[in-house]
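Peer 1: Read off the chains here:
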Amino acid sequence: MQNYRFLRLSILCIIAFLSAWAGHASYQYMNNPLLQYSGVWEGKGSFNVEGKEINSSATMLIGNDIRLSLNNSYQNDNFTVDATLVVKRHEHENSHLDLENKQVNGLEAFIEKTGINIPLNGTLVNANAWQVDDGNLFFDAQLSNGTSTSYYLRRKSNR
Amino acid sequence: MTLLSLEPPIYQIGDIYYSPTSGVIEYQGESTRLRAREANLLHALVLSFPDVLSRTEIEETLWKDSYATNATINQTVKALRFSLQDDQRTLIRTIPKQGYVLAVRPKIIASDETTNEQVAAFDSQLTQDEHVAAKTPQRQLLSSSFLATAFLLGTAAFALGASGQFAAKYARLSHQYNQHWILFTPEQGELQKLPLQPGSPTKYVIKSDSYYKICIRHQGELQCKTIDF
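Sequence lines, in order, name chains A and B. Straight run, no breaks: the first sequence in my numbering ends on number 159. Straight run, no breaks: the second sequence in my numbering ends on number 388.
A portion of the hints provided could be inaccurate.
[What the hints assert, rightly or not] Lysine-lysine pairs mimicking PhoX-like chemistry, simulated, CA-CA at most 20 Å apart:
(1) B:K362 - A:K44
(2) B:K256 - B:K237
(3) A:K52 - B:K256
[Said to hold, decoys possible] Some but not every residue of chain A turned toward chain B, in silico, with C-beta under 7 Å:
(4) R5
(5) L12
(6) A20
(7) N48
(8) P119
Don't read these hints as lab results, they were simulated from the structure. If you're wondering where the values come from, they're calculated on a predicted model, not measured in any experiment. We put the CB at the ideal spot given by N, CA and C, even for glycine.
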């Protein structure tokens, strides 16, 4: 009888543990930033280099991974930066993102035509994003010169 | 080795079957022959039920031509309880200063007139009962009350997990001050130093190592300025 009670208690404990684990896993899945914010996000910002303001538009595609594309323009010249963002820390309202596979296109021609001295491998170092205003994102990209450029990103479409 | 069998009359005492003729008990399919004095004591308890069997009666019945001390009677009762696996004294109860009594009514299920065929049929029935009894724990294990408990417990545990109770807790990094978004954890009085008047357009404030950055939205584009510490 004692063994029998122990068996029933053990079964209940296992059920409780597995159910709690399954609940926790579903919570983690539902709160996965890639799932919560999946879609195409767009926004505009600007940053200052050598006293010249460069307009920048950001497009962020969140799916299985996060792709960021920045189109930076000064007068009629522009260069683009494409990178994969990796979530290094996610805290519900804030995510810290690192860059991988960064590709910079048109920068040499941009420097030549505008005379603005931007490092050839681009200036983007890492990024932070916050959830603000009804689920829109405030996106701040850290630049190598210690400054940052910010974008207010709106979701343009769900994937 | 002698084959142990229940011979009529057969008594059922709880889950135990007892034959005073052969002195054999059968419990959970296992047959055991009691020692003569244990068998006599059990028989005396059966016959005296529901009355209490006193120590004097035990002595007169079991030790007709001799005598028995209290310790001897105690030892015999203890031995019988051991044979009946009655460690908890649920079968043979001790009535202080009176004697002993069976806790359950003994039922005679085969009398002296019972034929061998009837005994064989009884044995067969007994085997079936034991088979059913062996299955009983499994039925109880999956009883409706147990399943209901397991379901409720599982649902509650799942809900608890799904509500994020077991997830890591984070400090609230962003919050609204007046209608402005503060995207860092400010120290006491820190926000009062910043130009964040109520009623002005919504501002977004971040803090770096050496400056605050305050942005407003203008025609879909963020316009930012920095304020050094």
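Peer 1: Now tell me, hint by hint, if it's right for this structure.
Peer 2: Here is what the structure says about each hint:
Under the criterion of a C-alpha separation no larger than 20 Å, the hint pairing K362 (chain B) with K44 (chain A) is consistent with the structure, at around 16 Å. Straight-line distance between C-alpha atoms of K256 (chain B) and K237 (chain B) comes to about 17 Å, which keeps the hinted pair within the 20 Å bound. At most 20 Å may separate the alpha-carbon atoms for a hinted pair to count; K52 (chain A) and K256 (chain B) exceed this at roughly 109 Å. About 11 Å separates the beta-carbon of R5 (chain A) from the nearest beta-carbon of chain B, more than 7 Å, and the hint is not met.
Checking L12 (chain A) against chain B by beta carbon gives a least distance of about 6 Å; that is within 7 Å, so the hint holds. Interface restraint check for A20 (chain A): the shortest CB-CB distance to chain B comes to about 4 Å, inside 7 Å, so the restraint holds. With a least beta-carbon distance of about 10 Å to chain B, the hint placing N48 (chain A) at the interface is violated under the 7 Å criterion. For P119 (chain A), the interface hint is violated, the least distance from its beta-carbon to any beta-carbon of chain B being 19 Å, above 7 Å.
Checked against the numbered hints above, the structure breaks hints 3, 4, 7, 8 and satisfies the rest.
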